[in-house]
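Asker: Protein chains in written order, with this note's numbering: chain S, 48 to 639; chain V, 508 to 1403.
Worth flagging that the hints you see were computed from the coordinates, not collected in a lab.
Treat the hints with care, since some could be wrong.
Sample of chain S residues lacking proximity to chain V, with all beta carbon distances greater than 12 Å (derived) [to be verified]: (1) Asp68; (2) Asp103; (3) Pro349; (4) Arg405; (5) Arg452.
Now the in silico label distances, taken between C-beta atoms and shown as ranges [what the hints assert, rightly or not]: (6) S/Asp65 x V/Gln1015: 37 to 47 Å; (7) S/Ala268 x V/Arg1334: 38 to 48 Å; (8) V/Gly1400 x S/Thr322: 29 to 39 Å; (9) V/Gln1116 x S/Met124: 50 to 60 Å; (10) S/Asp65 x V/Ala1094: 46 to 56 Å; (11) V/Thr557 x S/Met124: 17 to 27 Å; (12) V/Gln1116 x S/Asp65: 32 to 42 Å; (13) S/Ala268 x V/Leu558: 36 to 46 Å.
These figures come from a predicted structure and were not determined experimentally.
Every residue gets a Cβ at the ideal spot worked out from N, C-alpha and C, and that includes glycine.
Given next are the chains, with one letter for each unit.
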Amino acid sequence: MNQRLGVYICHCGGNISDTVDVDATLAAVANEPGVVVARTSMFTCSDATQEAIVHDIEQEHLDGMVVASCSPTLHTMTFRGVARRAGLNPYRYTQVNIREQCAWAHTGDRAGATRKAIRLVRAGIARARLTEALEPTVVQTVPRALVVGGGIAGLRAALGLASIGLGVVLVEREPELGGYVGQLGSLYPTGRSGGELIRELVEQVRRQPAITVHTAARLVAKAGTFGDFRVTIAVDQPPAGPGGPAGSDPAAAPPPSVRAQVGTIIVATGFTPATPELGAYGFGIEGVVTLPEFTRMVDAGPGPLTAGGRSVRAIAYIYCVGRRDPSAEGAGQGCAQYCCTATVHTALRVAGRDPDVRQYHLYRDLRTYGRYELLYDASRRQGSVYLRFAAEDPPRVSRDGASGRLAVAVSDRLEAGAAVEIPVDLVVLVTGMAPRPDPQLAEVLKVPVGRDGFFHEVHPKLRPVATVVDGVLVCGACQGPKGAGESVASALAAVGQTAALLKRGSAELDPQVAVVAAPRCTGCERCLAACPFGAIGLSPTAGGSVAVIDAAGCKGCGACVPTCPEGAIDLLGHTDQEVTAMIDALAGGTPA
Amino acid sequence: MSYDALVVGGGISGMESAITLGDMGYRVLVVEKQASIGGTMILLSKVFPTLDCASCIATPKMAATVHHPNVTVRTLAEVEAIEPTEDGRFQTRIRSRARFIDEALCTGCSLCETACTVAVPDQFNAGLIGRRAAYIPFPQAVPKKAVIERAGTSPCTAGCPAGIKAHGYVALVRSGRYESAYELVLEATPLVGSLGRTCYAPCETACTRNQLDGPVAIRRLKRFVADRHLAPEPASPPAPDPGGGRVAVIGAGPAGLTCAWQLARSGHRVTIFEASSEPGGMLRWGIPDYRLPPAVVAADVANVTRLGVEIRTGVRIDDPVALRDRGYDAVCIATGTPVAAALPVAGAELDGVTDALTFLRQAKLDAAPDLVGRSVAVVGGGNVAIDAARSARRLGAARVRVVSLERRDAMPAYPWEVDDAESEGVELHGGWGIAGFVGDRRVLAVAPRRGTEVVDATGRFAPRYDDQVTRQVDADLVVVAVGMTRDDSPLAQLVPTEPQVAPLADPQTLATAVPGLFAAGDVVTGPSMITTAVGQGRRAAAMIDSLLRGRPADAAAFDRQLPAVDPAEVLGRQRRHTERPALAARAIDPAPLGFAELEPPMSEAEALQATGRCLDCGVCSECHACIEACPADAIDLGQADEVESMTVGTVVLATGFRLFAADHKPQYGYGRFANVVTGMEMDRLLAPTRPYDTLLRPGDGRVPERIAYILCTGSRDQQVGNPLCSRICCMYSIKQNQLLMGALPLADVTVFTVDVRAAGKGYEEFYVQAEAMGATFVRGRVAQIEETATGDLLCHYEDLEGGGARQAEFDLVVLAVGVLPNPDAHRLFPDGQLRLDAQAFVDEVDRDLDPGRTSVPGVFVAGTAAGAKDIPEAILHAGSAAAQAAAHLERIGPDR
């Protein structure tokens, strides 16, 4: 038990002291058992106060410390750092939140807020008396990453990793590298050919000795933890090492699977183009095509566009097909982000080829965001006509039996809903990106997907390429619709995060993990089922088996603790004893 | 000094790049020009589409950046140059601007902020409210340290030869701290009341307000604080510092008194020897009572004696050097110019011809000749001549004529003095030189001849006359006021004559040829201004103090100031100003009688009005209130910028963006209509650390009920030269719509837009949610806004969906201003090596495969410096830049 505690209560300027009587709080807790130093300060986090605390720890030989200030998310690390600088184990520090959870919540009730603050601080002191020194688990990290997916994001990620000195195992499901972009011609906004870009990347990947490529291969198993994953790849053909495809001896039987040891896994499995429902907007009628089909027509050759054997003189583009529909399931509710610009870019190419083709864009909102607006401007200058329709009154496509031409009927919102019927030769349905279903991969990686069916990052701003599984990152269009350049940016961001994890060779893991008191464990396995991270295993003993928790795999979530009928599991840093002591302090004693 | 990576800009992109590179093990330097990292994001309310509080996302990144073992952060610093070297690295120059706060000592307690007397628009609150010149940027600032904003020395302060912090005392008066203002003047001189009346006010000549509607009445404010000052009960003087010395000061004029005062304050024992019967010098004997009452001088002198300075009057020192043998460690000669220059013309010896010093002294002693009904001629065109002439009028002279060599507009006297003299009936006869005085034993007249030139081609005084043109000016008394010189007799052994005549004292150190002997004031400079003499006294005291404390005298460092602020810069900061009436001109009595003080005291209301006109040119007023207030002794106004050169392996430019200046769309009335605000201002109004602590419209504080958003303000707009979409405005407006409808459930929100660009993960859903909450989206652009009498706003718009031209009235209009390039990065590189795109964002040479790579190998761009982005895109882009920067570092290998 820690008997020499320092307690610091913060004014936070006036953030706390405007509501909480800080001096009264100090007076009420200064004589709690074990407290040898108790002070208030204007800003405890300021360098000056930090130095004063360091001084106290050293001079008073403190063995525990409490700061009552703001949310632990803000300054736990700060004050653990203070403890460390003074030679006190950082886990002997307890932060008490009397700002967000007290002062800010009870403005206008000074007496009540002060009473609450006193109890919160007493609870913190009760815990601090019981804290123990903990040392972080250090894992050695493997300087190699697995990249799943050989499209533009995966290829660029592999090259990025190699250029920072990390090894790469690249797994592509198809027999060829290149993904979706590899099949494309001109890309917005640069106009470069997707096929060319991919050839360039594949060439570089082939020349890069640090990258091992497995095509026609799938990730089938993952074991181990962040920094040291063991993965199993099922391969339909042998690995293609540097200098071209290996296994030139056709007689050699391809190994059924390959194992690899990697530090992180980058998922870059891309998307699948959405297909409209049959009948929607005339889909199924000859001459009604999707945007990907249409771009392939445009890519196909320099001559005039033809459809059904006749020259295309007029085209209607219908935007947001299968998208922006609040009643839809999954990805259909959202905006697919890339398709407005892709369509406008394609229209520009058509006009460049034959300026006399009439192009009608039936849209809801034209989302050529950022500098893509220039493409929209250019398409209008080149004669594209834009008509706005309302979601509740979508265009109707029909084929006129007599003329054989297609007709699109639409109410143009920009002309007071005037009914317009446009005869065209081709209708292009602008469909978005759909998630590529891959239940096996999701199962192996345990990476959650969002409501839209795409892989889910932890947080779009804090950790935009990280998943809840440490060491498994996502990038590119498997995360959500993106343009090619945007996919590459996220791929390189994943490279940066991977290097941040692996480049130093080792990583420290939070020691606040669950532990099993083996003598009390009956091997009932309930905790195994409760662990979302698969960090609990069984270890055979003389009489049966006991649960063993892998410190590197445990995230300290505590889910296993209450499942144990024997009370044999405890969470270091938040032990039952500590929590009970805090509850006693909060609930018990005389009212302040 | 070297780092692996230099990250320019500490916003969200810069922080992301820095943390990523730091985590990889590279040593990173982040240079941020603001006083805190956090960029634009930390100032936002919440962020779309998750409605996370912006602080909750940004502060952990800020903390992670600043506490990262591999990341060093310099705030308030700017990169000045980045030059690629042959080995793939960069030579950079970084200027850390003076904070004027010792960061190590500052605890961020904000007491300086509370004490500060200057308010400026708070850039961290979009200018909606003010902040102090001494400030902590915002509550979550990292580092949470104060900074004092100083644009330079205010022109008034820079113009003061006495070294008085003119701006400082004006600012203290404005804050109602009159005694502090008095004490601030005391830091320079004890002669507060005297200077408040007689100073020629170079501060007012320098005042930037001259370029608008006339200067701030700075001199009279000094008199105001002197008038309000209540001298404390005479306490026993403070004990001199035992380490101090004994100093003799010769002469109790402005220089001597100031010198003695400063030395006494520094702990030395000082004795003043004054030849005349009372202290004050020219203040006591030369300046007429109607300008400077003797009681004022006496009060100023009492400041000096209260510190224990002994003034021995009636003691003439004929041998200053001998004082050293009488136990004085140092001597300051401040004997001024007590000898009236004579006019070497015929009749100068006649009775009735006197010199101005004698005449003025007689008037001060009430011993002047009876002039009632008489004629007086004053010879000379300077201030002393005018003082003599006006004194003569007050003594009853029927005619007073001033005969001067210079014509009226070239007279050396101050124009306002000349004007007042004329108003009092003094006749001016400019352009005449004196040929002689006419009379027999007693003077009868002055005989001038026409002066043709006063100075020669080189500007030297060399009068020429036309002897053919003469006249005669009858006079019962002639007062000659043609100059004054020092009394050389006690100085004989001090002024070297070999190898040639040298000045009495070095102009910088004020040391004479004899060690330990110094000289200050008019005895050194020749006849000058009281204010100049005060400055000399201060300088001499500083030099003597150095000598006595055994420190080398650093004359060049004395009164070192920041460069004076350019008035054009100050005027550029002003949005508008109110013309204020000058203080009422006082009536001048054409036949004044008696020597009662002419200038009335300022009332408190007048003083406050006068100080309200101050433009705070230097921003910090140097009032020293923060120094008083700081418990940590952390304030150091003497800090200077530091410039360092260092080598880095790679550069990440994260210099961010500028917001479109909404007043460039004049049809929307931003800047003229108080209730038209920008999206950034609205974000501040909605933020937890918001300026008004509630949501109201700025014009009249009413809670708005009808709120309009105008999207694409300054974006997608060829008229303002920005064809691009700004990417973020649709979404931040939708976010604000939701927050507004949450904060003001009764408010109606209308959004005028052409397209709603909700393109991004979860964005469309966020837009649908805003519509479901009640926001109305109108397709159409607003052409014009008019302000109604009640401050409401009438929007004229075209309803694109068939409604034609319409109008609607709102309580508050929010202009969704867009993103413009920040041109800062380009000029860091030699010869435009850093390529920009057509809109002047940093160009990316391969947007397909290497997002963030610039035209300079090894230099990468992160975030909005390369074009409009929302926060998730900026963060990904920053990660991309960091990954490529790391690859560059691997390629070039470790720094040798």
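Asker: Run every hint past the structure and note whether it holds.
Answerer: Going down the list of hints, with the structure as the test:
1. Asp68: Consistent with the label, S/Asp68 stays out of reach of chain V, its closest Cβ about 19 Å off (over 12 Å).
2. Asp103: 16 Å, holds
3. Pro349: 23 Å, holds
4. Arg405: 22 Å, holds
5. Arg452: Fine: 29 Å to the nearest Cβ keeps S/Arg452 off the interface.
6. S/Asp65 x V/Gln1015: 37 to 47 Å: 53 Å, violated
7. S/Ala268 x V/Arg1334: 38 to 48 Å: 55 Å, violated
8. V/Gly1400 x S/Thr322: 29 to 39 Å: 51 Å, violated
9. V/Gln1116 x S/Met124: 50 to 60 Å: The hint (50 to 60 Å, Cβ to Cβ) holds, given that V/Gln1116 and S/Met124 are roughly 53 Å apart.
10. S/Asp65 x V/Ala1094: 46 to 56 Å: Since S/Asp65 and V/Ala1094 have Cβ atoms about 55 Å apart, the given range 46 to 56 Å holds.
11. V/Thr557 x S/Met124: 17 to 27 Å: Holds, since V/Thr557 and S/Met124 (Cβ atoms, about 23 Å apart) stay within the stated range.
12. V/Gln1116 x S/Asp65: 32 to 42 Å: 35 Å, holds
13. S/Ala268 x V/Leu558: 36 to 46 Å: At roughly 39 Å between Cβ atoms, V/Leu558 and S/Ala268 fall inside 36 to 46 Å, so the hint holds.
When the structure is compared with the earlier hints, violations turn up for hints 6, 7, 8 and for no others.
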